[in-house]
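*Asks:* Please build the complete structure, drawing on both the sequences and the hints.
Chain order of the listed sequences is A and B. In terms of the numbering used here, the first sequence opens at residue 1 and continues consecutively. In terms of the numbering used here, the second sequence opens at residue 1 and continues consecutively.
Check each hint, because a few of them may be wrong.
[To be verified] DSS-like cross-link-like pairs, simulated, lysine-lysine; straight-line CA separation at most 27 Å:
| id | chain 1 | residue 1 | chain 2 | residue 2 |
| --- | --- | --- | --- | --- |
| 1 | A | Lys28 | B | Lys38 |
| 2 | B | Lys47 | A | Lys68 |
| 3 | A | Lys67 | B | Lys65 |
| 4 | B | Lys65 | A | Lys80 |
| 5 | B | Lys47 | A | Lys67 |
| 6 | A | Lys42 | B | Lys38 |
| 7 | A | Lys68 | A | Lys28 |
| 8 | B | Lys38 | A | Lys68 |
| 9 | B | Lys65 | B | Lys143 |
| 10 | B | Lys65 | A | Lys68 |
[Stated by the list, open to error] In silico contact screen, one side only, chain B against chain A (beta carbon under 10 Å); selected entries:
| id | residue |
| --- | --- |
| 11 | Asp51 |
| 12 | Glu107 |
| 13 | Lys110 |
| 14 | Ser197 |
[To be verified] Only part of the chain A face toward chain B is listed, based on derived beta-carbon distances under 10 Å:
| id | residue |
| --- | --- |
| 15 | Pro13 |
| 16 | Gly24 |
| 17 | Trp36 |
| 18 | Val65 |
No wet-lab data here; the hints were simulated from the structure. Just so it is clear, CB atoms sit at the ideal spot from N, CA and C, and this is done for glycine as well.
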Amino acid sequence: MTLDANEPVFNQPWEAQAFALVIGLYEKGAFTWNEWADVLSKTIHSDNGNAAYYELWLVALETIVLKKSLANEIEILERKSDWQKALLATPHGEPIELKTARKS
Amino acid sequence: MSDSKQHSKHHENGDHDHDHSHAHTDHSHWSDMHLKVKTLESLLVEKGYIDPAALDVIVETYETKVGPRNGAAVVARAWNDDAYLRRLRENATEAIAELGFSGRQGEHMKIVENTADTHNMVVCTLCSCYPWSVLGLPPVWYKSAPYRSRAVMEPRVVLSEFGLELPEEVRITVWDSTAEMRYLVIPQRPDGTQGWSEEALAEIVTRDSMIGTGLPLVRMESKA
Chain A
1 MTLDANEPVF NQPWEAQAFA LVIGLYEKGA FTWNEWADVL SKTIHSDNGN AAYYELWLVA
61 LETIVLKKSL ANEIEILERK SDWQKALLAT PHGEPIELKT ARKS
Chain B
1 MSDSKQHSKH HENGDHDHDH SHAHTDHSHW SDMHLKVKTL ESLLVEKGYI DPAALDVIVE
61 TYETKVGPRN GAAVVARAWN DDAYLRRLRE NATEAIAELG FSGRQGEHMK IVENTADTHN
121 MVVCTLCSCY PWSVLGLPPV WYKSAPYRSR AVMEPRVVLS EFGLELPEEV RITVWDSTAE
181 MRYLVIPQRP DGTQGWSEEA LAEIVTRDSM IGTGLPLVRM ESKA
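*Replies:* Here it is in structure tokens:
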């Protein structure tokens, strides 16, 4: 093991987003910090040690979202597929937007 | 006709090395992780569990405002002000909040003081609990499986891999963080820093010295 004093806090933008989602949900009272630590800890310990930290963080986020019924599995699957369609329909370099009906 | 055909063929050959991927992926692409985050984020925003502006504030706060400089200010004050050190010992959460640093996860803080015969080191064997309010976000090695398991089993070996060789007679105490309790190591004040301002003292307090995997930066002349 070696120390690295200059490593970035986040390596990819999605890591920062995943981090902020958990803090934001916690601050809105969606779950307690103990509940989060419990889910994250179980996720980390069920991994074989190969996944990167924020990948596990994100898996734990999905777990707690389902556990707390903030969204259900069908909604998540459908939304993922909507984004995939949006990606396919958006030329490289342009902003990607969901074309699905949204309450506004 | 044949002239232009020849020209375009030549052009293709010349460009082939950086044109190979565009033929079949001219649409946008995200990694699986990116897609997963956007999926959850858009659902949670839509349902009103999350305010998108709040997400940006959180990221900015942790990237730029919260970091080990907060902890260094606490250590420097503790070195310079005995009354403050006593308050830290009695109730670290409150004493740290005096300087404007409060935990957002409702955790309690405890200080552990290094002495001539005891060295303290902090780990979270369960996941990655860390005193964010004073140290910012944990470094990669802190979150890694080897550190989490080996810090408890063989702390002296881990420290020596990190370049910190402690004399045999110095006892190492390892503190295991939890969601409720986080630890801040108060390193020993280096010799030769008497009379220094708090700002100057804070400069030598490193992040790793407050986790217990390093020491404050000591000037070379003090070793001579």
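*Asks:* Are the hints correct? Go through all of them and say.
*Replies:* Checked hints:
Of the supplied pair hints, the one linking lysine 28 of chain A and lysine 38 of chain B holds, its CA atoms being roughly 19 Å apart against a limit of 27 Å. Between lysine 47 of chain B and lysine 68 of chain A the alpha-carbon distance is near 13 Å, which keeps this suggested pair within the 27 Å criterion. Note on lysine 67 of chain A and lysine 65 of chain B: the hinted pairing is violated, with a Cα-Cα distance of about 32 Å set against a maximum of 27 Å. Simply put, lysine 65 of chain B and lysine 80 of chain A have alpha-carbon atoms about 33 Å apart, too far for the 27 Å limit, and the pair is violated.
Between the alpha carbons of lysine 47 of chain B and lysine 67 of chain A the distance comes to roughly 16 Å, so the proposed pair stays at or under 27 Å and holds. Note on lysine 42 of chain A and lysine 38 of chain B: the hinted pairing holds, with a Cα-Cα distance of about 24 Å set against a maximum of 27 Å. Proposed proximity of lysine 68 of chain A and lysine 28 of chain A is supported: the alpha carbons are some 13 Å apart, at most 27 Å. Of the pairs offered as hints, the one joining lysine 38 of chain B and lysine 68 of chain A holds, with about 19 Å between alpha carbons and a cut-off of 27 Å not exceeded.
Proposed proximity of lysine 65 of chain B and lysine 143 of chain B is supported: the alpha carbons are some 21 Å apart, at most 27 Å. Restraint check for lysine 65 of chain B and lysine 68 of chain A: the C-alpha separation of about 31 Å exceeds 27 Å, so the hint is violated. For aspartate 51 of chain B, the interface hint holds, since its Cβ comes within 10 Å of a Cβ in chain A; the closest pair sits about 7 Å apart. Evaluation of the glutamate 107 of chain B hint against chain A yields a held restraint, the C-beta minimum of about 7 Å falling below 10 Å.
The beta carbon of lysine 110 of chain B comes no nearer than 17 Å to any beta carbon in chain A, farther than 10 Å, and the hint placing it at the interface is violated. Annotation: serine 197 of chain B was flagged as interfacial toward chain A, and the flag is violated, the nearest CB pair being 24 Å apart, outside 10 Å. Below 10 Å, beta-carbon pairs count as interface contacts, and proline 13 of chain A has one with chain B at about 8 Å; its hint therefore holds. Annotation: interface hint on glycine 24 of chain A holds; nearest CB of chain B at approximately 5 Å, less than 10 Å.
Contact between tryptophan 36 of chain A and chain B, as hinted, is supported at the beta carbon level, the nearest pair being about 8 Å apart and thus within 10 Å. Look at valine 65 of chain A: its Cβ gets to within about 6 Å of chain B, closer than 10 Å, so that hint holds up.
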